[in-house]
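Trainee: Chains A, B and C supply the protein sequences, listed in that same order.
Per my numbering, the first sequence starts with residue 1, numbered consecutively.
Per my numbering, the second sequence starts with residue 1, numbered consecutively.
Per my numbering, the third sequence starts with residue 1, numbered consecutively.
Everything labelled a hint here was simulated from the structure, so no lab data went into it.
Beta carbons are placed, not taken as given, at the ideal position from N, Cα and C, and that holds for glycine.
Please note that the accuracy of each hint is not assured.
[Claimed, not checked] The calculated PhoX-like cross-link candidates involving lysine-lysine, where the alpha carbons are at most 20 Å apart (straight line), are:
{"hint": "1", "chain 1": "A", "residue 1": "79", "chain 2": "A", "residue 2": "133"}
{"hint": "2", "chain 1": "B", "residue 1": "74", "chain 2": "C", "residue 2": "250"}
{"hint": "3", "chain 1": "C", "residue 1": "187", "chain 2": "B", "residue 2": "187"}
{"hint": "4", "chain 1": "C", "residue 1": "233", "chain 2": "C", "residue 2": "250"}
{"hint": "5", "chain 1": "C", "residue 1": "187", "chain 2": "B", "residue 2": "79"}
{"hint": "6", "chain 1": "B", "residue 1": "74", "chain 2": "A", "residue 2": "79"}
{"hint": "7", "chain 1": "A", "residue 1": "187", "chain 2": "B", "residue 2": "187"}
{"hint": "8", "chain 1": "A", "residue 1": "100", "chain 2": "B", "residue 2": "79"}
{"hint": "9", "chain 1": "B", "residue 1": "133", "chain 2": "B", "residue 2": "79"}
{"hint": "10", "chain 1": "C", "residue 1": "93", "chain 2": "A", "residue 2": "233"}
{"hint": "11", "chain 1": "B", "residue 1": "233", "chain 2": "A", "residue 2": "93"}
{"hint": "12", "chain 1": "C", "residue 1": "79", "chain 2": "A", "residue 2": "250"}
{"hint": "13", "chain 1": "C", "residue 1": "79", "chain 2": "A", "residue 2": "233"}
{"hint": "14", "chain 1": "A", "residue 1": "187", "chain 2": "C", "residue 2": "250"}
[Claimed, not checked] Restraint-style ranges between C-beta atoms, simulated for each label pair:
{"hint": "15", "chain 1": "A", "residue 1": "264", "chain 2": "C", "residue 2": "4", "range": "25 to 35 Å"}
{"hint": "16", "chain 1": "A", "residue 1": "10", "chain 2": "C", "residue 2": "21", "range": "50 to 60 Å"}
{"hint": "17", "chain 1": "B", "residue 1": "10", "chain 2": "A", "residue 2": "39", "range": "50 to 60 Å"}
{"hint": "18", "chain 1": "A", "residue 1": "175", "chain 2": "C", "residue 2": "80", "range": "14 to 24 Å"}
{"hint": "19", "chain 1": "B", "residue 1": "229", "chain 2": "C", "residue 2": "36", "range": "35 to 45 Å"}
{"hint": "20", "chain 1": "B", "residue 1": "83", "chain 2": "C", "residue 2": "23", "range": "52 to 62 Å"}
{"hint": "21", "chain 1": "A", "residue 1": "266", "chain 2": "C", "residue 2": "271", "range": "43 to 53 Å"}
{"hint": "22", "chain 1": "C", "residue 1": "279", "chain 2": "B", "residue 2": "36", "range": "53 to 63 Å"}
{"hint": "23", "chain 1": "A", "residue 1": "195", "chain 2": "B", "residue 2": "59", "range": "49 to 59 Å"}
{"hint": "24", "chain 1": "A", "residue 1": "266", "chain 2": "B", "residue 2": "262", "range": "29 to 39 Å"}
{"hint": "25", "chain 1": "A", "residue 1": "265", "chain 2": "C", "residue 2": "75", "range": "22 to 32 Å"}
{"hint": "26", "chain 1": "B", "residue 1": "61", "chain 2": "C", "residue 2": "271", "range": "32 to 42 Å"}
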Amino acid sequence: MTYEGYKTFNAKLEDSILTITFNFGSVNLQGLEMISDLNSLAMRLERDHEVKVVIFQSANPEIWVCHYDTNLLKDLSTKAVSRSEVELLDLQKVLDRISKLPQATIAKLEGFARGGGHEFALACDMRFAARGKYKFMQMEVAMGILPCGGGASRMARQTGLGRALEIILSARDFGADEAEAYGTINKALEPDEIDDYVKNLAQRIARFPAESINACKRAVYESIDQPIEEALKAEAYWLYQSTSKTAAIKRFTIADEQGLQHDIDNQRNWDDLVMKVQDIN
Amino acid sequence: MTYEGYKTFNAKLEDSILTITFNFGSVNLQGLEMISDLNSLAMRLERDHEVKVVIFQSANPEIWVCHYDTNLLKDLSTKAVSRSEVELLDLQKVLDRISKLPQATIAKLEGFARGGGHEFALACDMRFAARGKYKFMQMEVAMGILPCGGGASRMARQTGLGRALEIILSARDFGADEAEAYGTINKALEPDEIDDYVKNLAQRIARFPAESINACKRAVYESIDQPIEEALKAEAYWLYQSTSKTAAIKRFTIADEQGLQHDIDNQRNWDDLVMKVQDIN
Amino acid sequence: MTYEGYKTFNAKLEDSILTITFNFGSVNLQGLEMISDLNSLAMRLERDHEVKVVIFQSANPEIWVCHYDTNLLKDLSTKAVSRSEVELLDLQKVLDRISKLPQATIAKLEGFARGGGHEFALACDMRFAARGKYKFMQMEVAMGILPCGGGASRMARQTGLGRALEIILSARDFGADEAEAYGTINKALEPDEIDDYVKNLAQRIARFPAESINACKRAVYESIDQPIEEALKAEAYWLYQSTSKTAAIKRFTIADEQGLQHDIDNQRNWDDLVMKVQDIN
Chain A
1 MTYEGYKTFN
11 AKLEDSILTI
21 TFNFGSVNLQ
31 GLEMISDLNS
41 LAMRLERDHE
51 VKVVIFQSAN
61 PEIWVCHYDT
71 NLLKDLSTKA
81 VSRSEVELLD
91 LQKVLDRISK
101 LPQATIAKLE
111 GFARGGGHEF
121 ALACDMRFAA
131 RGKYKFMQME
141 VAMGILPCGG
151 GASRMARQTG
161 LGRALEIILS
171 ARDFGADEAE
181 AYGTINKALE
191 PDEIDDYVKN
201 LAQRIARFPA
211 ESINACKRAV
221 YESIDQPIEE
231 ALKAEAYWLY
241 QSTSKTAAIK
251 RFTIADEQGL
261 QHDIDNQRNW
271 DDLVMKVQDI
281 N
Chain B
1 MTYEGYKTFN
11 AKLEDSILTI
21 TFNFGSVNLQ
31 GLEMISDLNS
41 LAMRLERDHE
51 VKVVIFQSAN
61 PEIWVCHYDT
71 NLLKDLSTKA
81 VSRSEVELLD
91 LQKVLDRISK
101 LPQATIAKLE
111 GFARGGGHEF
121 ALACDMRFAA
131 RGKYKFMQME
141 VAMGILPCGG
151 GASRMARQTG
161 LGRALEIILS
171 ARDFGADEAE
181 AYGTINKALE
191 PDEIDDYVKN
201 LAQRIARFPA
211 ESINACKRAV
221 YESIDQPIEE
231 ALKAEAYWLY
241 QSTSKTAAIK
251 RFTIADEQGL
261 QHDIDNQRNW
271 DDLVMKVQDI
281 N
Chain C
1 MTYEGYKTFN
11 AKLEDSILTI
21 TFNFGSVNLQ
31 GLEMISDLNS
41 LAMRLERDHE
51 VKVVIFQSAN
61 PEIWVCHYDT
71 NLLKDLSTKA
81 VSRSEVELLD
91 LQKVLDRISK
101 LPQATIAKLE
111 GFARGGGHEF
121 ALACDMRFAA
131 RGKYKFMQME
141 VAMGILPCGG
151 GASRMARQTG
161 LGRALEIILS
171 ARDFGADEAE
181 AYGTINKALE
191 PDEIDDYVKN
201 LAQRIARFPA
211 ESINACKRAV
221 YESIDQPIEE
231 ALKAEAYWLY
241 QSTSKTAAIK
251 RFTIADEQGL
261 QHDIDNQRNW
271 DDLVMKVQDI
281 N
C-alpha cells in the first residue's frame with residue numbers, strides 16, 4: 001500500500017513503522033484538509049497488515065498540531081439537539097477512527113498541542129513530549145464551548161477526575177513535566193533524547209505479530225468501558241479471536257527449546273529473550 | 001441572590017467567585033447543621049447564573065472540615081437492606097448535589113480533612129492542599145463501617161484501584177505530598193503560596209462563560225461513567241445543548257480579527273490570548 | 001482452619017495475618033500445581049472469618065511468581081469463539097477469585113513478576129515492590145497473544161489508558177521506581193524497609209473488623225464498574241449489609257466517651273485513636 005498524496009503531512013514507511021510528519025502552512029492548522037487527510041490515512045491503515053506502528057510528529061519546530069480551525073467553529077449550529085438525535089462531530093469521528101487503528105500509535109510531541117491538536121494526541125495510544133518545547137492546553141471553556149474532539153471524554157481516562165477537570169476548566173498551558181505528573185503523557189523527555197526513545201520503542205513493537213498488537217489494544221480499550229467481568233470475557237475473546245496460531249505456537253516452541261522456562265539465567269533476561277524469539281519471522 | 005444566614009460557614013461573593021469559609025465550633029463538625037447549610041447553599045447555587053466558581057476553605061487553622069458526627073452514626077440502623085430498596089444516605093445526597101453544581105468547585109485544604117470531611121473534598125471538582133498543614137484519612141474501616149459519603153465510590157476515580165484500596169483499608173493519615181503522589185489532590189503547595197494559587201485559578205475560571213463551565217463539568221463527569229462511544233455522544237450533546245451561541249461566536253470572531261489563527265506569534269501566546277478574548281463581556 | 005498441604009507455597013498464620021510464601025522449583029512456575037493450590041487457598045479463605053490480611057511473598061531471592069507455564073499455552077486452542085460463547089480461562093478464574101477474597105491482599109514484590117506472575121500481583125488489592133530487586137513485564141504481545149490472566153483488563157484500572165497501552169505493547173521490563181510512577185504498584189521501597197512497611201500495614205489492617213474490610217473492598221471494586229449513581233447505592237448497600245452492628249456501635253461509643261469529637265487534641269491524633277478504639281475487641 002502506498003501512503004502518498006496528502007496535503008497536510010508526508011508519510012514515510014520503513015520496517016513496518018509509518019512515520020507521519022505534519023507540515024501544513026505556518027501552524028499545522030487542524031481544518032478540513034487535515035481531517036480529510038486523516039480520514040484517508042485511517043482508511044488505508046485499517047486495511048494494512050504490514051504497518052505495525054504509526055508515529056505522528058511535526059516538521060514545524062514550534063507546533064505539533066494546531067487547534068481546530070476556528071472558522072469552522074463559527075458556522076457551528078448551536079440549536080439544541082436531543083440526546084437520542086445527537087451525532088458525532090467530524091473531529092470526534094476521525095479521532096475515534098485513529099484511536100481504533102489496529103496499529104500501535106505514538107504521538108511524538110515536540111511543540112504545542114492545544115485544543116483539537118491535543119485531543120488528537122489523546123486519541124493516540126501513547127504520548128511522549130519534549131521538555132521545554134511541548135505545551136498543551138484545552139482552551140475551549142474560554143471560547144464558550146467545551147473540548148469536543150474527544151477531549152472531554154478521554155482526559156479523565158488518563159489523569160483521574162480532579163486533574164481532568166482542572167485541565168479543562170483552567171484553559172491554561174501545561175508543560176511537559178506537569179503533563180507527566182498529571183498523566184496526560186506517558187513521559188517527559190529531554191529534547192535530544194525523545195528521538196531515540198520513540199524510535200527504539202517503535203522498532204521494538206514493530207517486531208511483534210500484528211494480530212497481537214491489535215488484540216492487546218482492543219482488550220485494553222474495552223477494559224475500561226465495561227465491568228471487570230465483561231472485560232475479562234473480552235480478554236478471553238480476543239485471545240481466541242486474534243491469535244495467530246502459527247506465530248504463537250512457533251514462539252512458545254522456541255522458548256521451550258531455549259530452556260527459557262525453569263531456568264533462572266533465562267528468567268533474568270526476558271528483556272532480550274522477547275526479541276530473540278522474534279527471529280523466527 | 002444572597003448567601004446569608006448559615007450557621008456553619010460564611011459566604012463572600014466577589015467577581016463571580018463565592019468563597020465559603022467554614023467556622024463552626026471547635027472542629028467544624030460535619031453534623032446536621034452543616035449538612036443543612038450545604039443543602040441550602042446547593043439549592044441556591046443550582047439557580048445562580050452569576051457565580052462561576054466556589055472556593056471551600058476554613059477559618060480553623062487546623063481543621064478544614066471534620067468527620068461526620070459520630071452521634072448520628074450511633075443511631076444508624078444496621079438492618080440489612082436489599083439492593084433494590086437501598087436509598088442514598090444524607091451525606092451522599094448532599095455531596096452528590098455539590099458534585100453536580102454548575103459552578104467550578106475548589107477545595108482549598110489548609111488543615112485536616114478526615115472521614116466525611118475528606119469525602120466532601122472528593123466531591124469538589126479540584127483539590128489543592130498546603131504542605132505541613134493538610135492531612136487526610138478515611139478511618140471508617142477501623143470504626144466498623146465503610147466510607148459512605150461517596151468516599152468508597154469516588155476514591156478510585158482519582159487514584160486508581162490499588163491506591164484507593166490502600167487509603168481505605170489502612171485508615172491512616174496521608175500528608176499533602178503523599179496525597180499528590182497518590183492523586184487524591186491536584187497539587188501540594190507551600191502554605192504561603194496556596195492562597196495565590198487558588199485565587200489566580202478561581203479568577204481565571206470566573207472570566208469564562210458560565211454555560212461552558214457547566215458543559216465542561218457535565219461532559220467530564222459523564223465521560224467516566226459510560227463507554228467511550230456514549231461519552232463522545234454526551235460531549236457532542238453538551239456542545240449543542242449548552243453553548244451560549246452569542247458568547248462563542250463573539251469569541252471566535254475576535255480571535256479571527258486578531259489573526260489568532262495562522263499566526264505563529266499568536267500561537268505562542270494562547271495563555272494570554274485566552275484572557276484577552278474575555279474582554280468582550 | 002488449617003492452611004497446609006500446598007505444593008507451591010507454604011502458609012503461616014499469625015494474628016489474623018496469613019503469609020503465603022511461594023517456593024516451587026527453580027522459578028516459582030505458574031503452572032497447574034500453582035493454580036490448583038491457589039484455588040484451594042481461595043476456597044478456604046472465602047470461608048474464613050479469622051484471617052483479615054493475606055501477604056503474598058516469595059522464598060526465591062530473584063523471582064516472586066514466574067510467568068504462566070508456556071507448555072500449557074502451546075496446547076491452547078486458537079479456534080475463534082463467539083462473544084456469547086466465550087468462557088473465562090483458568091488463570092482468569094482463579095485470579096478473579098483472589099481479587100474477590102474478603103481479606104485485604106498484599107503483594108510483597110521482592111523479585112521478578114512477569115506475564116501471569118504480574119497479572120497475579122494486579123489481582124491483589126495492594127502492591128509494594130523492592131527497588132533493585134523488582135521487575136515486571138507483560139511479554140504476551142511478543143509471544144503472539146495478549147495478557148489474558150486479567151492483565152489487559154486490570155492494567156488501566158491502575159495506571160490510566162496511555163501507560164497501560166505502553167506497558168502491554170512494549171513488552172519490556174519496568175523497575176520499581178517506574179512502576180510507582182506509572183501506578184502499577186502503590187509504592188517502591190528500599191529492600192531493607194519493605195519488610196517492616198508491609199508488616200506494619202498488615203498488622204494495622206488486621207486489627208479492624210473483618211466485615212468492614214470486606215465491605216470496603218466490595219464498594220471500591222464495584223465503584224469503578226458502574227456509573228456514580230449506582231456506585232453510591234452500592235456504598236449504602238454495603239453499609240447496611242455488612243456492618244457488624246455491635247462492633248461499630250461499640251467503637252462509636254468509645255469514641256464518644258474519649259471525647260474524640262469536639263476536641264481539637266483528639267482530632268490531632270486520629271492516627272493513634274484509630275488503634276485505641278480497637279482495644280475493645
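Trainee: Hints first: check each against the structure and report whether it holds.
Mentor: We went through each hint and held it up to the structure:
no., hint, in the structure
1, A:79 <-> A:133, "violated, 39 Å"
2, B:74 <-> C:250, "holds, 9 Å"
3, C:187 <-> B:187, "holds, 19 Å"
4, C:233 <-> C:250, "violated, 26 Å"
5, C:187 <-> B:79, "violated, 38 Å"
6, B:74 <-> A:79, "violated, 52 Å"
7, A:187 <-> B:187, "holds, 18 Å"
8, A:100 <-> B:79, "violated, 48 Å"
9, B:133 <-> B:79, "violated, 39 Å"
10, C:93 <-> A:233, "holds, 11 Å"
11, B:233 <-> A:93, "holds, 11 Å"
12, C:79 <-> A:250, "holds, 16 Å"
13, C:79 <-> A:233, "holds, 16 Å"
14, A:187 <-> C:250, "violated, 49 Å"
15, A:264 <-> C:4: 25 to 35 Å, "holds, 28 Å"
16, A:10 <-> C:21: 50 to 60 Å, "holds, 58 Å"
17, B:10 <-> A:39: 50 to 60 Å, "holds, 56 Å"
18, A:175 <-> C:80: 14 to 24 Å, "violated, 47 Å"
19, B:229 <-> C:36: 35 to 45 Å, "holds, 41 Å"
20, B:83 <-> C:23: 52 to 62 Å, "violated, 43 Å"
21, A:266 <-> C:271: 43 to 53 Å, "holds, 46 Å"
22, C:279 <-> B:36: 53 to 63 Å, "violated, 35 Å"
23, A:195 <-> B:59: 49 to 59 Å, "holds, 53 Å"
24, A:266 <-> B:262: 29 to 39 Å, "violated, 57 Å"
25, A:265 <-> C:75: 22 to 32 Å, "holds, 26 Å"
26, B:61 <-> C:271: 32 to 42 Å, "violated, 19 Å"
When each numbered hint is compared with the structure, violations occur for hints 1, 4, 5, 6, 8, 9, 14, 18, 20, 22, 24, 26.
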